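> If you read the protein sequences in the order shown, they are chains A and B. Residue 1 is where the first sequence starts when you use my numbering, and the numbers rise one by one after that. Residue 1 is where the second sequence starts when you use my numbering, and the numbers rise one by one after that.
In short, the hints are calculated from the structure, not lab data. Since we're looking at a predicted model, the values are computed, not measured. Just to be clear, a hint being listed does not mean it is correct.
If you want the footprint, here are the derived chain B segments under chain A, 3+ residues with CB under 8 Å [what the hints assert, rightly or not]:
1. 32-40
2. 56-66
3. 307-320
C-beta atoms are modelled at their ideal positions from N, C-alpha and C, and glycine is treated no differently.
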Amino acid sequence: MNREKLIGALATIVGDEWVHHRPSELVAYSIDGTFQQALPDLVVSPATTEQVAAVVRVAAGVGMPVIPRGAGTSLAGGTIPLGGGLVVNLARMNRILEVDKANGVAVVEAGVVTAELQRAVEREGLFYPPDPASLNQSTIGGNVATNAGGPRCLKYGVTRDYVLGLTVVLADGRILRLGGKLIKNKTGYQLAQLFVGSEGTLGIITEVTLKLLPRPRYRATALAIFPRLDDAARSVNGILAAGILPVTLELMDNLTINVVEDYLQAGLPREAEALLILEQDGNHPEAVRDEVEQMAAICGELGASTVQVATDEADRQRLWQARRAVSPALGRRGRNKLGEDIVVPRSAIPEMVRRVRQIGQEYGFEIPVFGHAGDGNLHPNIIFDLRRPGELARVEQAAAAIFRAALELGGTLTGEHGIGTLKREFLTEALGPDAVEVMGRLKAALDPKGLFNPHKMFPEGDGVEGFLRQLPLLGTAEAPG
Amino acid sequence: MTGGLNLLREQYDNLSACIRCGLCLSVCPTYQVSFKEEEGPRGRIAMLKALVEGHLNLTSDLLEHELNCLVCEACTAICPAGYRMEPAQIAFRADIRDAAPWPVRFGLDYFLGNLGRLRRLVRLLALGQRAWLVSLASRTGLVDVLGLRRLTRFLPDLPTTFIVPRGQVWRPAAGPVRYRVALLTGCVMSTVFAGVTRATIRVLTANGCEVVAPAGQGCCGALHLHGGLFDSGLRLVENNVRAFNPDEFDAIIVNSAGCGTALKTYDHYAGSPRAAALARKTRDVTEFLDEIGLKPPAGEVPVTATYQDACHLAHAQRITAAPRRLLRAIPGLRLVEMAEPALCCGSAGVYNVTRPGFADALMRRKARNILATRAEMVITANPGCYLQLLAGLREAAGGDRPAVEVRFLVEVLDQAYQAAPQAVFVEVRG
Chain A
1 MNREKLIGAL ATIVGDEWVH HRPSELVAYS IDGTFQQALP DLVVSPATTE QVAAVVRVAA
61 GVGMPVIPRG AGTSLAGGTI PLGGGLVVNL ARMNRILEVD KANGVAVVEA GVVTAELQRA
121 VEREGLFYPP DPASLNQSTI GGNVATNAGG PRCLKYGVTR DYVLGLTVVL ADGRILRLGG
181 KLIKNKTGYQ LAQLFVGSEG TLGIITEVTL KLLPRPRYRA TALAIFPRLD DAARSVNGIL
241 AAGILPVTLE LMDNLTINVV EDYLQAGLPR EAEALLILEQ DGNHPEAVRD EVEQMAAICG
301 ELGASTVQVA TDEADRQRLW QARRAVSPAL GRRGRNKLGE DIVVPRSAIP EMVRRVRQIG
361 QEYGFEIPVF GHAGDGNLHP NIIFDLRRPG ELARVEQAAA AIFRAALELG GTLTGEHGIG
421 TLKREFLTEA LGPDAVEVMG RLKAALDPKG LFNPHKMFPE GDGVEGFLRQ LPLLGTAEAP
481 G
Chain B
1 MTGGLNLLRE QYDNLSACIR CGLCLSVCPT YQVSFKEEEG PRGRIAMLKA LVEGHLNLTS
61 DLLEHELNCL VCEACTAICP AGYRMEPAQI AFRADIRDAA PWPVRFGLDY FLGNLGRLRR
121 LVRLLALGQR AWLVSLASRT GLVDVLGLRR LTRFLPDLPT TFIVPRGQVW RPAAGPVRYR
181 VALLTGCVMS TVFAGVTRAT IRVLTANGCE VVAPAGQGCC GALHLHGGLF DSGLRLVENN
241 VRAFNPDEFD AIIVNSAGCG TALKTYDHYA GSPRAAALAR KTRDVTEFLD EIGLKPPAGE
301 VPVTATYQDA CHLAHAQRIT AAPRRLLRAI PGLRLVEMAE PALCCGSAGV YNVTRPGFAD
361 ALMRRKARNI LATRAEMVIT ANPGCYLQLL AGLREAAGGD RPAVEVRFLV EVLDQAYQAA
421 PQAVFVEVRG
């Protein structure tokens, strides 16, 4: 089938307006939240699961790769159409089909933006806890495909813990409906869970049934500043040992504090090694405040130089200000950044932060570290400038050193971003060859022609050397003269 | 084709600031009604960048997607990386030169570039008002070409007397002069909305300001810059830099959000220290009144009202709290928030004439959001929004009278002061 006929066949399914094939449109879908760029052959925006299935059958008929895409906010390259192919844009499938109060579940299409789902269920007194930093733009489909997390995961778990059912379009165009509005369901393999975190390599998620919780009525927050990083880590352990399970234990290291202070000029102590934001929620205001005050007291005893507690909304927002400023502060810090997503056992956090600092010094990068101290998920952000000669090779070495440090400390490559293209060459190091081989057999069983999101997650066999440099960039090098 | 893209090329660092996080998608009006990446800021940045780099040519599809940008600045306001859409779009539109269709370009240059002609046009339109224009529009094909049939639904009641800036000074009738301010009388604000500008003068004098309308000033040039008439825009900028001497005033007051944004960025277009001082001293009238502490109005305006954030106030100037504080200070006025108050209404300068598809979709969404509040009045601070809201609420009502009354914020403040009558100013010269 030639290109014109293919466009015609897709337009018959979705309508002319929803096949994006002109040159500028292909560029618009060539990017995601990383620095990579590769042009798709075509883009299609279906409106229903049936349209997705029909589109997949057309693509399978001509052997064209299919790349599912929600809001394109992937931080690991998961939605980059490497080597071309058909991008299936699910952003239009954004209806909240049902918020079922009686059963405490929501049924939504894959393109629903996470924050919109949260607002909709909170209006009904319900709660969807996973809160990735991209929640204002990323979609539920993408959250499921990457098993997204966020600051609230210590207490409430990750996306996986809320997926009760999925509708998935398979590589042969069949529509698989898995699970449902059931909290308990052990009938057969847990197939719905197989697609959680599958990064578009096994099927296209088009509809999701999610577990909801009652919305906690009260929240309180504390901010603690630590001259020494180890004291912050001891405080985290002290809090959990005291029988408190907070919603949030957000950590910022010294460099992050300084990057934020450069941006905000809010009077943060530049010499402090760590800043912790602690939060608790619940239905009884006294209980919530008591626990936050206990947490504050523990931090004070274990070496915090200052601790502030906020129970009203305005004060809470003020305490969150520093943490919220991390993203804009990093965004303005340098021309490019690579946001990593390693996980280490909680006890290894100080050691990991120290190793990142050494790696930054060794390779000449600023690498601020922030993340979720309760679950050991840290985000070292390598700040760099692609215009400098040899820059990407140095970034590769620094990133590889960070991955290996995490693995050595008993951790892993990614907590909530996924493997995508950026970490695929490290998969075998992280999982071992047997696990990767089993993954490969699952992939082959569900997608024998390898059409779904190729070049993602699995090692390409090129090895670790040049793992970033082999990724395509469009003209990121220099401004043309 | 990258040969003629000199101004866009200067925007390359700005374009490269984008970190592609996609946060802008959540606030972009054209993305929110299409869910197409090519109709969102991140896609538009990628396209402009590829154009500069030579990976894309200036094809009709690229033009369409770029010109569909409202330049509402919602993306700029939310961007964590500091990208700015307005200068990039102004540069792109200047480089391609035919960003707006010729009747629009002609209209901007011929009428807004020369206030005498604009006054004659508005007077002529006022004479016939809408009935005359509708009948003319239906009789002649030429009028359709000029887009006037579409224009009739935006037309407010037109005045026949205007404010002609000649250096007039208005002093408070009582009490000391606290501030000496210059007023940008502008183009449509001195003609189509002369009544609003008179209300602005009354409100300022009631707040202890001596108000001056410097002679020689004209249109701010924003519509020209956004419409690709870069040279005309620059001429208007330079004219106003000559007309306003910032050293003589505590502030330069603007009562149109779009014009205020333009003045606040004059230093980008006229590099002189005087332009920079002018930009620094420019205040939207709502911003200024809030800053100096509004004199509480004694009179009541018993109405349930909702406030529409003008994009160039909320996003470009980051002013959202001040207008609401002013409205809450009005006795009797009950302020209710609409859904998506800061989502562009689709007016965007001349956008509602040049890009009717998106403009109408956004207008109807805004009208629905306003009607859902059950407010009797919708209040804004920008002439483009005013006209668009009027058209949308007329359409909702199915007639000439809008379903909800549309007012400028200063008009409502003025009404509150007038409700407890006292002399507010004396004109001493002009």
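> Hints first: check each against the structure and report whether it holds.
Tested hints:
Restraint check on the segment 32-40 of chain B versus chain A: 5 residues with Cβ-Cβ distances below 8 Å, three needed, restraint holds. Counting residues of the segment 56-66 of chain B whose beta-carbon sits less than 8 Å from any beta-carbon of chain A gives 6, enough to reach three: the coverage restraint holds. Residue count for the segment 307-320 of chain B with a Cβ under 8 Å from a Cβ of chain A: 0. That is fewer than the three needed, and the coverage hint is violated.
Hint 3 from the list above is the single one not met by this structure.
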